[in-house]
Amino acid sequence: MKSILFSFVVCLFISFSFAQPAASTVVELQAALEQLEAHSENSLVKNIEFTNIGPTVMSGRVVDLDVNPLDPTEFYVAYASGGLWHTNNNGTSFTPVMDNAPTQNLGDIAVDWKNGTLWVGTGENNSSRSSYAGIGILKSTDKGKTWKNMGLEDSHHIGRIILNPNNPDEVVIAVAGHLYSPNEMRGVYKTMNGGKTWNKTLFVNNETGIIDLEADPNNFNIQYATSWQRDRKAWHFEGSGEGSAIYKSTDAGNSWTNVSMEGSGFPTGNGLGRIGLAVYDANTVYAFHDNQDFRPKDKDSQAEGILTKEDFRTMTIAQFLELDNSSLNRFLRENNFQEKYRAENVKQMVSGGTVKPEDLAKYLEDANAMLFDTPVIGAEIYKTTDGGKSWTKTHDDFLDDIYYSYGYYFGEIRVERNNPDAIYIFGVPILKSKDGGKSFKSMDAPNVHVDHHALWLNPNKPGHLINGNDGGVNITYDDGENWLKANSTPVMQVYALQVDNQKPYNVYAGSQDNGVWVGPNTYSHSMRWHNTGDYPYKELMGGDGMYIEVDERNPTIVYTGFQFGNYFRIDRDQDKTTYIQPKHELGEAPFRFNWQTPILLSKHNQDILYYGGNKLMRSMNQGGDYTAISPDLTKGGKKGNVAYGTLTSIDESPFQFGLLYAGSDDGLLHITHNGGGNWEKISDSFPLDLWVSRVIASQHKKERVYVTLNGYRWDDFKPYVYMSEDYGQTWKAINGNLPLSPVNVIREDPANANILYLGTDNGAYVTFNRGENWERFSSNLPNVAVHDLRIQAEAKDLVLGTHGRSIYKTNIAMLQEMSPEKLKENLIVFDISNVRHSERWGSRWNSWREHIEPSTEIRFYTGNTGAATIMIKTEKGTTLYSSSEDVIIGFNSYEYDLTLSENGRKAYLKENKEATIEEKQNGKYYLPKGIYNVEITLNGVKKTKEMVVE
1 MKSILFSFVV
11 CLFISFSFAQ
21 PAASTVVELQ
31 AALEQLEAHS
41 ENSLVKNIEF
51 TNIGPTVMSG
61 RVVDLDVNPL
71 DPTEFYVAYA
81 SGGLWHTNNN
91 GTSFTPVMDN
101 APTQNLGDIA
111 VDWKNGTLWV
121 GTGENNSSRS
131 SYAGIGILKS
141 TDKGKTWKNM
151 GLEDSHHIGR
161 IILNPNNPDE
171 VVIAVAGHLY
181 SPNEMRGVYK
191 TMNGGKTWNK
201 TLFVNNETGI
211 IDLEADPNNF
221 NIQYATSWQR
231 DRKAWHFEGS
241 GEGSAIYKST
251 DAGNSWTNVS
261 MEGSGFPTGN
271 GLGRIGLAVY
281 DANTVYAFHD
291 NQDFRPKDKD
301 SQAEGILTKE
311 DFRTMTIAQF
321 LELDNSSLNR
331 FLRENNFQEK
341 YRAENVKQMV
351 SGGTVKPEDL
361 AKYLEDANAM
371 LFDTPVIGAE
381 IYKTTDGGKS
391 WTKTHDDFLD
401 DIYYSYGYYF
411 GEIRVERNNP
421 DAIYIFGVPI
431 LKSKDGGKSF
441 KSMDAPNVHV
451 DHHALWLNPN
461 KPGHLINGND
471 GGVNITYDDG
481 ENWLKANSTP
491 VMQVYALQVD
501 NQKPYNVYAG
511 SQDNGVWVGP
521 NTYSHSMRWH
531 NTGDYPYKEL
541 MGGDGMYIEV
551 DERNPTIVYT
561 GFQFGNYFRI
571 DRDQDKTTYI
581 QPKHELGEAP
591 FRFNWQTPIL
601 LSKHNQDILY
611 YGGNKLMRSM
621 NQGGDYTAIS
631 PDLTKGGKKG
641 NVAYGTLTSI
651 DESPFQFGLL
661 YAGSDDGLLH
671 ITHNGGGNWE
681 KISDSFPLDL
691 WVSRVIASQH
701 KKERVYVTLN
711 GYRWDDFKPY
721 VYMSEDYGQT
731 WKAINGNLPL
741 SPVNVIREDP
751 ANANILYLGT
761 DNGAYVTFNR
771 GENWERFSSN
781 LPNVAVHDLR
791 IQAEAKDLVL
801 GTHGRSIYKT
811 NIAMLQEMSP
821 EKLKENLIVF
831 DISNVRHSER
841 WGSRWNSWRE
851 HIEPSTEIRF
861 YTGNTGAATI
871 MIKTEKGTTL
881 YSSSEDVIIG
891 FNSYEYDLTL
901 SENGRKAYLK
911 ENKEATIEEK
921 QNGKYYLPKG
931 IYNVEITLNG
941 VKKTKEMVVE
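Anchor point for the sequence shown: position 425 equals 425 in the working numbering, and the numbering is continuous, going up by one each time.
There could be a bad hint or two in this list.
To be verified - Quick list of in silico lysine-lysine cross-link-like pairs, BS3-like style, CA-CA up to 30 Å:
1) K910 - K876
2) K681 - K635
3) K46 - K945
4) K139 - K297
No lab work stands behind these hints: they were computed from the structure.
All chains should be modelled from the sequences, with the hints used to inform the complete structure.
Below, the structure is given as structure tokens:
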């Protein structure tokens with residue numbers, strides 16, 4: 001009996017220890033979409049309007065283009081997480097057409113130009129760490145004014161959509177499927193009735209989806225599709241497998257045959273990665289393949305006398321000590337070993353047994369060594385001229401410097417409509433070949449961003465191309481010799497956000513593949529900078545921009561950097577940049593740094609910088625040197641090709657120096673009360689293995705702390721939000737009525753302890769009662785991922801960093817005045833900003849300009865719906881203006897144009913006999929300087945607030 005009980009306990013322990021979070025179900029997703037719509041409709045803050053403050057110049061990641069075949073100046077651009085945009089002036093300007101859609105995450109689009117119908121496959125088709133999942137297939141029959149979900153909600157990621165040019169109701173779709181978990185809804189799906197019903201016509205297995213799908217341009221019945229076996233985890237990406245293949249259909253996608261079997265000439269096996277297709281005709285097809293098989297070792301490639309890290313793995317101590325000092329010093333210097341490590345003293349360390357020769361190789365490795373150092377074959381091009389019966393590689397040599405180590409991020413190829421030898425391939429660069437893939441020429445240019453994902457070739461004008469990349473849209477008319485840049489869309493994918501205390505304050509943003517930028521919060525989109533050459537936002541750093549810290553004593557000192565912990569201290573006044581990443585000691589295991597490594601300047605001393613690896617490091621001198629003040633605060637990492645077992649969020653209490661919290665990507669949260677002297681794990685009650693997306697020490701109570709967990713990397717979309725009132729000894733879930741969406745960030749309001757702000761993968765929220773209920777922001781704010789948010793305390797602004805639609809802000813002064821009790825009141829009118837009078841109101845600079853028309857915002861809260869009467873009165877009570885407005889329960893805003901009615905003017909002049917109010921050029925009368933009362937009446941309740949025109 002004891003043996004049976006023991007076995008049961010062991011099995012139970014194993015099942016709990018290795019259980020992973022469950023992926024959210026399609027039923028949960030469908031319910032969440034309904035809940036999201038209700039949230040937006042009933043929210044108390046749905047009228048709190050946000051303003052987009054850019055930036056635009058760097059744009060963001062494009063995943064697809066669809067161009068009007070009769071007028072190529074009109075096209076649609078699909079951004080990975082920035083929605084769908086339309087231009088009819090060749091990219092001079094764009095209009096968003098999905099701001100009212102339930103998601104901005106796109107994989108592919110298809111346009112029925114004859115009927116104006118838009119098909120959108122949601123969920124990015126690239127498989128990067130920020131390739132967000134979608135909600136199925138959306139369709140619009142009114143050019144984007146309204147959208148309808150046509151199903152396939154559990155697809156998560158859509159590879160391609162093709163339409164029958166002769167039957168708009170016949171649509172075939174490549175479904176890539178879940179990125180982080182197995183699922184059945186992947187393969188090829190087809191509808192014959194415009195999406196009312198779908199038939200799965202090709203399925204490989206629950207880890208293999210369809211990534212590309214092309215039809216013969218002359219015969220829709222002939223189609224080719226590529227399957228792709230992939231599985232991403234937080235610690236490892238497996239981007240190849242035996243499930244990857246090329247399929248062919250001869251009946252318009254109703255049935256399929258594998259045409260890349262062994263013996264066909266196309267690679268097979270576990271190394272088969274992502275495959276892109278370019279179909280010239282029924283028989284001629286190009287396949288662009290990411291071959292993940294290892295390259296054969298080239299023993300002749302190493303220059304004589306040049307040491308590499310691989311040399312040290314098998315080197316004996318005696319061999320090491322015999323190395324020429326100049327060769328060893330060259331190796332140490334060129335590989336950026338710390339200055340203290342030079343040939344003489346390293347040999348002493350080896351001879352003394354402190355370190356081993358292999359430690360020199362280990363010193364250079366990090367958790368991403370497998371990702372970047374593994375020599376795979378990489379990009380290859382194969383061609384068939386017999387309809388897939390046989391395949392031949394088009395080139396003899398390796399195609400280097402195209403995919404590098406992340407071919408999963410690309411995989412597209414194009415062929416000219418009228419020239420089967422003219423092909424274009426794109427990865428990090430974009431290349432063209434005019435000899436069928438035997439040789440290539442670069443098409444890169446200084447104004448063309450790297451990392452290419454979309455390309456349209458004009459079938460009627462060779463050399464006219466529209467390209468989509470990580471930096472937006474480029475257009476060429478001479479086959480890439482010269483490019484135009486069409487970047488006017490605010491679609492930056494923000495990772496991290498910061499604000500400073502200057503007046504006006506500046507906003508800093510780290511972004512996906514577009515570096516770190518800083519600009520004024522007063523930015524308003526304008527093309528004026530084309531004339532001055534001075535764009536208001538300035539670039540501070542390249543790469544994938546990450547966290548930013550600004551010295552409060554001197555805002556020209558900025559700490560920021562790029563992926564995997566590569567941070568710098570920037571002195572903007574001196575134009576000086578200093579690399580400040582902590583370095584482990586020779587003989588120690590390398591530090592592990594997250595893609596988005598957290599840093600933090602201490603509020604208690606701005607010379608002190610905290611830096612999160614797998615340990616927490618502290619510098620007392622602005623990053624000059626560091627001391628590890630913790631042991632490994634993770635579970636120790638996992639074998640894989642992505643950094644894991646890393647810190648993701650750190651914070652320090654404003655009440656006490658050294659009261660620190662540190663959260664990790666593998667679900668641990670620790671606290672120290674004494675600057676790292678002792679650490680305590682406080683995450684035992686949390687769900688296992690969830691990413692700690694944010695930990696925030698309260699500004700209002702020393703014992704209080706907030707934490708958010710994120711299950712996105714398990715395809716678990718539940719919102720995890722917790723609060724503790726006792727330093728994390730016990731936790732309370734405060735996700736309240738939040739709909740399904742992973743949580744990225746939480747912030748406390750600096751003025752009101754009851755108010756919290758939340759950023760999720762599908763929008764932003766506020767609570768007035770510390771998480772019992774959440775209210776959704778939606779006015780002028782699309783359903784986009786909010787990665788970070790900040791509050792500028794003095795300006796009383798909430799600033800949102802979105803991963804796809806750049807930066808938004810709104811003023812929260814009236815929110816800060818609210819309490820649970822005030823929310824029950826019938827009517828509250830908030831302070832009205834003073835208005836500076838101008839004699840130019842109602843006039844214009846010349847007859848070709850618009851009239852200058854002022855306005856001021858009258859803001860109020862109502863506990864009931866109804867028609868509110870808004871009146872402007874003199875101090876003596878004379879009515880000058882009156883309007884009736886329907887209001888909602890919650891926060892309302894009325895834009896008053898500072899005019900008087902004709903009767904109001906007469907009443908004012910009667911009261912002020914020496915005054916004059918002249919009719920302006922626009923036919924209106926405006927308030928003179930003075931003090932006025934704004935009176936609002938709703939359901940018998942009357943409230944008054946003073947308004948000053950100065």
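Tested hints:
Distance check on the hinted pair: K910 and K876 sit about 12 Å apart at the alpha-carbon level, within 30 Å; holds. A threshold of 30 Å between alpha carbons decides the hint, and for K681 with K635 the separation of about 11 Å falls inside it, so the pair holds. Between K46 and K945 the alpha-carbon distance is near 23 Å, which keeps this suggested pair within the 30 Å criterion. At most 30 Å may separate the alpha-carbon atoms for a hinted pair to count; K139 and K297 exceed this at roughly 50 Å.
Figure legend: structure checked against the earlier numbered hints; the only hint not met is number 4.
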